[in-house]
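Peer 1: Sequence:
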Amino acid sequence: MDLGRWLAPLRTFQSITHRHPRRVTAVVAALLTGSAVTAFGVAPLTALEINQAQPAIISIHEALPLPQLAAQLDALDHQTLPLYRSDVTRSSDTVDTLLQRMGVDDAEAARFLRSDAVASRLMAGRSGKMIKVMTENGRLVELVARGPAESSEQLDSHFTRLSVQRNAEGLSARTEQVPLQVREQVSSGTISSSLYAAADDARIPDAITNQMAEIFGTDIDFRRELRKGDAFSVVYEAHTADGEPITWGSSAGRVLAARFINKGTVHDAVWYEEPGRKGTYYDLTGRSKTKSFLASPLAFSRVTSGFAMRFHPIQKRWKAHLGVDYGAPTGTQIRVVGDGVVSFAGWQNGYGKVVQVLHSGDRTTVYAHMSRIDVRKGQRMSQGDKLGAVGATGWATGPHLHFEFKVRGEHKDPMIIARASESVQLSPNALAQYRHKATTVAQRLDMAGQMQTAGASTGPRFE
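Going by the working numbering, the sequence shown opens with residue 14, and the numbers climb by one from there.
The reader is advised that the hints may include incorrect statements.
Claimed, not checked - Once the Cα atoms are required to be at most 25 Å apart in a straight line, the calculated BS3-like pairs of lysine-lysine come out as:
| # | residue 1 | residue 2 |
| --- | --- | --- |
| 1 | K425 | K399 |
| 2 | K450 | K291 |
| 3 | K425 | K366 |
| 4 | K366 | K419 |
| 5 | K241 | K291 |
| 6 | K276 | K241 |
None of these hints come from the bench; they were simulated from the model.
Put together the whole structure using the sequences plus the hints.
Peer 2: In structure tokens form, the structure reads like this:
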């Protein structure tokens, strides 16, 4: 027997194995998976003699040629496998650390991102940009970054898309302003400390949280009545960039429906626009959530002093605090809580810059310590119109708004007045159509609440 002739293929295989160990493993595994063993033994199925010690065994041997592994491995070497990876930029990122985290090993790409006037915008501005890269053997093929719009006027409607691509001439970069898309999203949460903390846990944008606080502002006093274990569910318009939820800012669309369970009482709200009327929120019976008076002259804010007795910080004595103080930065816009006419606008002793508005039913509201007054005496106002801005004029120890509500000259708790004020109801023609929609929406809120109770993820879910 020529032993060298039999060992030659084995030596070739060993050489290939040393040069391409992982690829050989893959090929051999595939061969073993799809092949059958061709050497076997056959025992004849005849009756054995009682005194026969062993059955007769017939062996068949066949020499099989090895596959052309060298050619197959060369073909595999010339194939490329594109890899995709997504992440979000961090405040501590540099070009090098970002590319390393994205699996990019490409010195040319790193130099380009640092030196090119357009590509270098990737690391400019705030963190939180959405990054997606495609690589081949660690070499950058394409990078797409999505972040806030360049213009402040487009922050709620557009996003910036930065694209870096490799072609025959090398790397190139360009930016464009692209409209945000809107998709319906469902989220839910449970209060453990505050509304905003629970909303953050559920990854709900601040703009949506603010809207919920406004919608239920006359039903729930978020300063005094929020309890641990209270729960909420919300359906809202989420802004997406190229189909992915944005990771920057608080941009969001409108709340479409919401439910808040406070101390066991269920409060529902559904957005509906009756033909010929301005759209607003209604409860499941069709009664408007919009009252004649807002619960607060500021968008939802931290309340620093309520309608009660307090120790006056300047007069150094306990006295009745016949109003509500809203802590807010200087310049925060102040809105009128109901329709009326400005009866006073100017300076008034300890109130500093102050505006008084006369409403129907011999009701008056007072807005004090303002930094700026934007109205004049005799001017007619509609609910929500801007009066001026928060300040610290008069007897104020810091920037805040002092707000009072009077009925026939007697001070009243603004929250009680807001809850008792008139609301609008849908017309009979629109009510039937609304109730059909409300039933469907209520089922979605029920489902979201059940998932929350069952301990499922409270994160956003696209519909």
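Peer 1: Measure nothing beyond the straight line between the CA atoms of K425 and K399; if it is 25 Å or shorter, mark the hint as holding.
Peer 2: At roughly 23 Å apart (the allowed maximum being 25 Å), K399 and K425 satisfy the hint.
Peer 1: Starting from K366, check that the Cα of K419 is at most 25 Å away, please.
Peer 2: This hinted pair holds, its Cα atoms lying about 19 Å apart.
Peer 1: Please verify whether K425 and K366 have alpha carbons no more than 25 Å apart.
Peer 2: At roughly 22 Å apart (the allowed maximum being 25 Å), K366 and K425 satisfy the hint.
Peer 1: Check the hint pairing K276 with K241 against an upper bound of 25 Å on the C-alpha distance.
Peer 2: Answer holds: K276 to K241 is near 9 Å, not above 25 Å.
Peer 1: Is the hinted pair K241 and K291 satisfied, with a Cα-Cα distance of at most 25 Å?
Peer 2: 35 Å, violated
Peer 1: Holds or violated: K450 with K291, Cα cutoff 25 Å?
Peer 2: Given that 25 Å is the threshold and the Cα spacing comes to 18 Å, the pair holds.
Hint 5 alone, counting from the list given before, is not met by this structure.
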